[in-house]
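**Student:** Chain order of the listed sequences is A and B. Mapping of the first sequence onto the working numbering: residues 1 to 495, in sequence order. Mapping of the second sequence onto the working numbering: residues 496 to 594, in sequence order.
Treat each hint with caution, since some may be false.
[What the hints assert, rightly or not] Over the 10 Å line for every Cβ pair with chain B, so calculated as not near, a few chain A residues:
no. : residue
1   : K3
2   : T46
3   : I67
4   : R86
5   : V120
6   : V124
7   : H143
8   : S157
9   : P175
10  : Q266
11  : E295
12  : P316
13  : T462
14  : A476
15  : L491
[Said to hold, decoys possible] Under 7 Å between C-beta atoms, here's a sample of chain B residues computed to sit facing chain A:
no. : residue
16  : A508
17  : R509
18  : L510
19  : A522
20  : L554
21  : N556
22  : F558
23  : Q564
24  : V572
25  : E581
26  : D582
27  : F584
28  : V586
Simulated from the structure, these hints should not be mistaken for lab results. Where a beta carbon is used, it is the ideal one built from N, C-alpha and C, also for glycine.
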Amino acid sequence: MTKLNTFEQAVETYEPVLGLETHIELDTHTKMFCGCSTVFGAEPNTQVCPVCLALPGALPVANRAAIEATIKIGLALNCRIAEWTRFARKNYFYPDMPKNFQTSQYEEPLCEDGYVEVVVDGQVHRVEIERVHLEEDTGKTLHVGGSTGRIHGATESLVDYNRAGIPLVEIVTRPVPGTGALAPEVARAYTAELRDIVRSLGVSDVRMEQGSLRCDVNLSLNKPGEEWGTRTETKNVNSLRSVERAVRYEVRRQSALLDAGERIFQETRHFHEATGETSPGRSKEEATDYRYFPEPDLAVMEPSREWVEELRATLPELPRKRRERLQAAWSLGDKDMQSVVNADAVDLIEATVAAGASPAGAVKWWLGELSRRANESGEELAALAITPAQVAELQGMVDDGRLNDKLARQVIDGVIAGEGSPAEVAAKRGLEVVSDTGALEAAVDEAIAANPAVADKIRGGTHAAAGVLIGAVMKATKGQADAGTVRQIILDKLG
Amino acid sequence: MSTISREEVAHLARLARLEVTDVELDAFAGQLDVILQSMKTLAEVDTDGVQPTSHAVPLVNVFREDQPQPSLPRDAVLAGGPDTAEDRFRVPRILDEEA
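Please take these sequences and the hints and turn them into a complete structure.
**Tutor:** This is how it looks when you write it as structure tokens:
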């Protein structure tokens, strides 16, 4: 295999063109075309009926709530809502659908021609939405034999159709050129924005790690002034961080191949979370012709303009508006707010403030110490084992003078290690600022005795020299003193 | 001259996981040929300016409310498949089978 280019080399020579295809599972109570429950985690094949199985005579009927949810998504993405739309059969032979087809939409999607704006590095990137359509999810296949549930080397597959038929919204962008070196960040920012928009609508829980938001990343490279290159499609990229990594990897891989004079094949690739690499996948069928045709069992839809306007009127405050409101409420500058958004910390900080912390305190912990830990462990910030309420409690203890920042960091260690709430960790580990002034005064006296020259300087009016004595006291108290209090005691004695 | 070959029928049968004997292959190829010929006849009709129909009845906006209904008992669901294991349908391995 050709050696990879560095990302920087790659984007010096080539311009990436992105495309993103996102699937979102709606959280309706019932499936798309039948009354089977969609509750997660049921016993295999217990949420299956004649419609799911396409038994002879079964008649599917579209779920009104799913249609409304899709129209709302379309409106929130600035799309035009079709006046006439219908479902189509996508035919393929694969056991994840018992019907040998998936009910989807083809030439007449419910919503078309929208856009999402994302800000990366202070620059606005407009990502155009080609279409938003409604289809049904497929069943879950468990591959048996071979290694660890992977499809390759499996000897047989076991299929559970509980998920087959759950409403799935597919959102497809137009190709996004012109992002250059920012392509990975733009892909991530778009996915985050889309997730936040859909979450604000309350139509899906959009949890990437649980598969209710799934992302396919398309990428091609071309030299400036040349036609767009051949694209690859990387499937099932399951976190924001992975979206960014998948783009970065494909840029590096494709550019190395092109440099070596090789061709890029249009193919499906799989992203590997552990290594951050992609590898070629196999298509579901050797023929990629899905033989789409209009679904004869479902009536066409003509969403009335009144209905669409009623739905538009129910749209909540969208994320961009919300961010503007929160930025003002938290008194943050544009750059700081951008850092909050990029760290995916808006919800976390809002919840921390709601739990009683000052905005400045909440921002400080989530963007500082906690972001650092998330980066170190390669996790999303929200996946850290500390809740906004616990961060608010921690900040409260700092505000009350019971913890200083150094002790607070040790308390975070304990909370993340599962030792309990900040107060419990502080109690168990004996982490508390020494507020016994008798003990502090004794420590200050010792420090003065050990550093007579410094003490003289302070007596002479050089208050800045107090730092040396403060350091000595902090050392003597193992960091459990409040630096401000210690300074006051020193100045009282020597000032 | 038939429009569908015996080999094409065999390929479709394999994709659809239907077990078809040699005698049946000949019979189905003949029958499918009749169907495809009929389609050809239909295709000769001038349909310029005619809106394609996908539904036999002019219905629009037929929706159901989002209220759960009972599903089938699992035994009944699984009874429709040739093989099961661990309360799931058991199917042959999926990839690398075309070669």
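**Student:** Now, for every hint given, state plainly whether the structure supports it.
**Tutor:** Hints, one by one, checked against the model:
1. K3: Non-interface label stands for K3(A): nearest chain B Cβ at 29 Å, farther than 10 Å.
2. T46: violated, 5 Å
3. I67: violated, 7 Å
4. R86: violated, 6 Å
5. V120: holds, 38 Å
6. V124: holds, 37 Å
7. H143: At roughly 8 Å from the nearest Cβ of chain B, H143(A) sits no farther out than 10 Å, so the non-interface label is violated.
8. S157: violated, 5 Å
9. P175: holds, 30 Å
10. Q266: Per Cβ check, Q266(A) is outside 10 Å of chain B; nearest 19 Å; holds.
11. E295: About 7 Å separates E295(A) from the closest Cβ of chain B, which leaves it inside 10 Å; violated.
12. P316: holds, 19 Å
13. T462: holds, 75 Å
14. A476: holds, 64 Å
15. L491: Since the minimum Cβ distance to chain B is about 69 Å, L491(A) lies beyond 10 Å and the statement holds.
16. A508: Not OK, violated: A508(B) not within 7 Å of chain A, min 11 Å.
17. R509: violated, 9 Å
18. L510: At 4 Å from the nearest chain A Cβ, L510(B) passes the 7 Å test, so the hint holds.
19. A522: Where the cut-off is 7 Å and the nearest Cβ of chain A is about 22 Å from A522(B), the hint is violated.
20. L554: With a minimum Cβ separation of about 4 Å from chain A (threshold 7 Å), the hint on L554(B) holds.
21. N556: This hint holds: N556(B) lies near chain A, its Cβ roughly 6 Å from the closest one there, short of 7 Å.
22. F558: Check passed: Cβ of F558(B) comes within 4 Å of chain A, closer than 7 Å.
23. Q564: holds, 3 Å
24. V572: holds, 5 Å
25. E581: holds, 6 Å
26. D582: Given a least distance of 4 Å, the restraint on D582(B) holds.
27. F584: holds, 4 Å
28. V586: V586(B) check passes; min Cβ-Cβ to chain A is 4 Å, inside 7 Å.
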